[in-house]
Amino acid sequence: MDIKIPSTRQTCLASNARQTRLVSLLLSLSLTLWLALLNTAAAQVAEGEIRYLVKHDWVKKMAALEYVSAREREQTAYMWGNRSEWKEYMRLYFSPQRSRYEQSDEVAEAEMIGYAWRKEPLLFYRDFEQGRQFDIVKAEGRTYLIEDTLQCPQWKILNDLREVAGYVCMNARWDDPLKGHRIEVWFALDLPIPAGPEDLCGLPGLILEANYNNGAMVITADRIDLRALKTELDWPKPKIKGKKVSLEQYREVLRKYIAEQKKAERPWFWGVRY
Amino acid sequence: MKKPVFLRLFLAASLLWANALNAQTPSRVILKGLVSIDSVGEPAAMATVMLLNPADSTLLTFARCDAQGAFVFRNVRNAAYLLKISYVGYLPYQQYLSPAENETVDLGTLVLRPIQRELMEVVVRTAKAPLYIRGDTIEYDATTFKVPPGSTVEDLLRRLPGIEVDDGGNIKAQGRDVRRVYVDGKTFFGNDPKLATKNLGAETISKVQVFDEKSEAARLIGVDDGKQERVMNLELKEEYKKGAFGKATLAGGSDNRWATRGNYNRFDDLQQFSLIGYGNNINETGVNWEDYSEFKGQSTFQESDGGDFGFGGMSGGYYFSTSESGLMNYFDGRGFTRNAGGGINYNFDNKKTKANASYIYNQTFLDLEEFARRDNFLNTGVFSNTDTLQRNEFRGNHRFNTRIERNFDSLNVLILKGGLSWSRSDDQELRQQRFFDSDAPQNVINRIGADNGSDRQAWTLNTSAVFRHRFRKAGRALALSAGYSQQVSEQRERFFSQNQLFVPFERLEQFRTRNLNDVDGRQLKSSALYSEALSQRWFWQTFVNARYSDNDANRQVRAPDQGDARVDSLSVFYRFTEQYYRLGSSIRYVVEGFNATVGLAGQQLTLNGRFARDRELPLLAPPIRRSFGDLIPYAAIEIEPTDNLSFDVEYTYQVSAPSFSNLQPIPIFTNPAFQSIGNPELGPERAHNLDFSTYYWDDATFASLGFSFDVNWYESQIVFSQQVERSDSLGIITISRPENVTGGQRLWAYWWSNVPIVKNRLSFSFNGYAGRRLAPAFVNDVRNETDDRDLGLNASLSLTLGSKLFFSTNGGAGLNNISYSIQSDLNQRIRSYSAGVSLKWEFISKTFLESNFNYRFFSNPTFDFRQEVPIINASVRRLLGAKNRIEMRLAAFDLLNRRITINQRGAENFITTSITPTLARYFMLSISYNFRGHADKVKGSSGGIIIY
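These protein sequence lines map, in sequence, to chains S and U.
All residue numbers for the first sequence refer to numbering that gives the first Met the number 0, where the first residue is 0 and numbers rise by one.
All residue numbers for the second sequence refer to numbering that gives the first Met the number 0, where the first residue is 0 and numbers rise by one.
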C-alpha cells in the first residue's frame, strides 16, 4: 500500500483506545498511526492515481450466461476449472472533479512480461463538475467515441464494511439491465470522490473494488498513489478514429448485438467489453 | 438509468398519500442534522450522509458533513427516506424518515456507535478481507486463518483477532464472555459453548460470526430485559460441490456390426475422477473429442512445460495434452478394424498443486487387403509391379502417465512428469508382387510371393522435471529442466519369400529367415534458460541445452534352412551415442503491437558409432566418429497494426542429425526386391526456414481470413537415392540409400477464410493450400530433379435457419503435378475432386434427420486411372425423457455401398496408386443414455454423420 500522507490530526479511534486494555503496545502504536493516516487521507486527498488489478474468469463468465445450455457451461467448467483466470492492470486518474480510466502499461501476468500485444482502444473519462462523460470503447470490432452528459448507475447501498487497499469501504450493488451483470462494489468512506473503474461512478466514495457476477470479473485497487496530477485529467483529445455516437446510440448497438448473440447461443463478451 | 416501474409508482403513491393526508404538506423540504461520535457532541467531521429509497436502498442523493459534523440536504422531495451515515471507525448509522410536515426538518444530533478497536485492527491489518461487519454482526472468514491440519475450532479461535480463549476453553469476544455457540444457527449439543469448539475440526468451518442477542431468559419469557448476550455462530463449509455424470451407448446393426461406449465421472472442488470404455467393429479406433475431453477433464489441455528451452523462450500457453491421445479415434480409412479400449483418469487441483494420473489401454485388430501398383522409372526405362497385400495386425498399448505441478508461491513452480508405456504388436502378411516392363505388361520379369510375420514388444519410459523461478524484479526468471527417457524393444520376425524368375529360364528361388531385433535406447537431457528485462522495452534471454543419448541395436538374422546359421550379410549389432550441446542468446524489443527478436546460438553435435556382427564379436570397421559444429542464427518479428490484424515472420536455421538407422551400413529388408541400407558417411540436414503468417478477423461480421507460408531452402538435404538392378538371380531389386545432396526447396502455403453473407445465417468459406517441393535424388547414379506441385481448393456455403435446420454444400479439388527431369514421359497429373451436401434438420420436435452426400472422383491420366466414390449417409434420431437423457438413433452408413479408400502418391522415382476396401454399407440402431442430456439443437457444423 502506498499511502504517503503526513499525519497531524488526532483521530476518533485513537481517543477510543483509552477505553480498551493494553493488548500490545507496539501494535497499538503502529496501528493507531496507521488508522490516523487513513482518516486524515479524507481531509487531504485531492487527486492521484490508482492501479487496479482486473481478474477475468471466463468459466464464471460462461456460467453467468443463462441462455447457453447448462450442458455446455458444465462442460466448460469441467475442462477449464481452475485454469480459467487471467489478469491485467488498469489505471485510474482521479480528482474530485474528474476521472480517467484506461489500460495500464504494467503487465499483470508474469508469463506475458516481455511481450506487448496491441491493446484495444479504451477510455472512460468523467467530468463530474461539468456533468459530461467521454468514452472510447470497442464493440463488435468497431471503435466508438461516446460523448454525452454524465450518467452513473443507480446504486443500492448495502450494509457491509470491509478493507480494500488500506481503506475502509462500504458496499453497494447495481444490476446492469443491458449486459445483465450484477455488480457489487466497495467504495471508500474517506475518499469522497464519485469515481470508479470502468463506467462505474456516482457513489459518495471512490470505488476500490468491483465484483461482476460473483467473481466473473473482479477489479481491485492494489496501489493507490495520492499525488498532484498534471495534465492527466484534461479533456481527452484522442488520436484514434471512431464512430461518434451518443450513449443511447451506443447502448442500442450493444442491445442489438447481445440479442443477436443470445439467439445464436454464443457468448456476447468475445466481441464487447465485459 | 430508468427507475423500475414499481419504484416510480411507490414514490408517486407515497407522495400522493402524503399530499392527501395534509394539504399543507410541503412538496420540497430541507433536511439537516448534526453527526457526532459521542454523547458529548464530538463532531463526525466529513462523515458521509446518504438518502436512500426505503423500499430498496437505492441511493437517491448524498452529502458530506462539515468540520462541525453538520449536514444539510436542501430542496429534496418530501418523501420517506432511509437516512444512512457512514464514518470510518463507526458502525453504519441508519434511520427511517417519514415524510415531513414542515419545510425544514432538523434531525438533531445523531450519535454514531464506534466499532470495537480490536475489530478495526482486523479490518485494517489483514489485507484480504477476512472480516466483514454486517450491521452488528462481525464475521471472520475462517479459511484465511491458517491452522495446522487436525486443529480444532478452539485452535482456530485463538488466532482470530479480538477473540480470546483461556486455558479452560472459555471464549471472550471483544472483551465479553461468549455465552452460547451455535453451529449453522442451531444449538450444538446443549448449552456448553465448549462442546462445539473443542470437538469440531477447524477445517469444517467457513465463517465465524459474533453478535449480541437477547438473553435466553428474555427470549423464553418474550419480554426484553434489555440484557444482551454475546453469541458466536460457526458456519460449516458448504459440502464440496460434488457431482457425477456419465453416459452409455449401445448399438447393433446389419452384418454383425456393433458398437458400445460409456464413461462415468465424479468430481468435487478438488478432484475429478473418470472412467471410460469403448468397443466396436466399425473402424472407430478410439473415442471422439467430446468423450476424450470429458475423460481428461482439467488435464485435457496442459500448460506447456517442455524442458527444451530455445529461442522461443519458455512460452506460456496451453497445448492439447497428447500423451493419452492414443485413446482418440484415428483411422486412416484402410481395411476393417475391431477395437476396444478404456481408461481411468484422476485430476487434483487446489491451485497450489495440480496433479494428474491416468492409465489407458487400447487395442486394434486390423484386417487389410490392398491392391497397389507401383511404377518405378530409371534413366533407361520404366518397370512396374503390382502388389496384392493381405495383412492381419494386432496392436495393444498400455499407457500410464502422471504429472504434478507444484506452485510453492507465486515465484516458484516445479513440474514433474512421468510416463510409462508397454505395447505389443503382432503382424502377419501375405504379399504377391508381379514385376514387368511398363510398356509390355504381359512380359512378367519375376513374381514374388511373401509370407511374413512379426511380433514386437516395447517398453517406454519418459520422465522430466522443470523448475521455474521468477525473481522479484519483473521480467527476470530462471528455468531449469532435466529429463530421462528409455525405450526397450524386442522384435521377432519371420520372413519367407518365393521368387519366381522367368529370364533367362524359369525357376524358383526361396528365401527364409528368422530375425531377432533388440533395441535399447536411453536419453538424458537438461536445459537452462535465463531471462532478464533490460528495460521496459528490451529483454534478453540466454539458454543452454545438453543432451546425451545412447542406443544399442542388435539385428540377428538366421536362416532356418541352413541349420539356423547366422546370415552374416544381414546381421549387425551397433551402438550409437550422440552428444549435443547448444548455447544461445537472444534479444527482444517490444512495444505495443510490435515484437522483434534476434538471436544466435552455437551448437556442437558429436556422433559415435561402432558395428559388429553381434554383441560379443569384434568390430567390423573402425568406430565412426562424426562431429558437426554450427552457428545458428534466429530472427522473428510479430506485428499487430490493429488489434484484429497480425503478421508474424520467423527465420530459423535447422541442423538435424541423421537418424542412427540411416547411418548403419547393413541392408535391412522384409522383401528382397526392396532393400534399404544406411550410410555411415551421412551428414546432418541443414536448412534455412522462413515462416510467414497473417491473420485478420472482424468481430462485427465474424469474418476471418488467414494466410501462411513456410519455405525451406536446403543447404544439405538427406534424400534416398535409388539403385535399381536387374539381376538374374533376384529379378529386379531396388536398393535405397540415404545421401546428402545440395539444393532442394520446399514451399507450403495455406489459407482459409470465412465470410458471412447474412450474419448468423449464411456463410461462405474458402480455403486451400499450395505446395512445391524440389527434391534432387540419384537414380542409378544419375541426378534426377523431382518437381512436385500441389494445389488444393475447397469452398463451402452453410445456411442456418433458426435452431431447426442447417444445410451446407461444399466442393473441392486436389491437383498434384509431379515432373521428373530424367523421365518426362512419366510426369504425373494426379487429380481428386469432391462435391457434397449435408443437412441437419429437426423436422419434428426432438426428432432430427441428419444426412450427407459426398461424391469424390480420382484420376491419373498417365495410367488411365479413373475412380468415382459416391457416399450417402443418413440417420434419424429422437430424444426421449425429461432432460433429453435418452437418444434413439437409426443410421445408414454408405447407402450406395461404394466406399473404398484410394491413395495416389509420387516420390523420388516411383508412383504408387492403391485401392483398399474398407467398411461399406451397413445399418445401425443405437440407444444412448446421457446423464446430462443430449444436444437438442441443430448447431451449425458441417461435421460428419454420427453413426451411434
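Calculated directly from the structure, the hints in this document are not laboratory data.
Note that the structure is a prediction, hence the values are computed from the model and not measured.
There may be inaccurate statements among the hints.
To be verified - Restricting the straight-line Cα-Cα distance to at most 25 Å, the calculated cross-link-like pairs of lysine-lysine (DSS-like) are:
| id | chain 1 | residue 1 | chain 2 | residue 2 |
| --- | --- | --- | --- | --- |
| 1 | U | 758 | S | 262 |
| 2 | S | 262 | U | 845 |
| 3 | S | 86 | U | 758 |
| 4 | S | 60 | U | 845 |
To be verified - Where chain U lies over chain S, by a calculated footprint (3+ residues, C-beta under 8 Å):
| id | region |
| --- | --- |
| 5 | 83-89 |
| 6 | 92-99 |
| 7 | 241-249 |
| 8 | 260-269 |
Where a beta carbon is used, it is the ideal one built from N, C-alpha and C, also for glycine.
Query raised in the report: Tell me, which hint numbers fail for this structure?
Result: 3, 4, 5, 6 and 7
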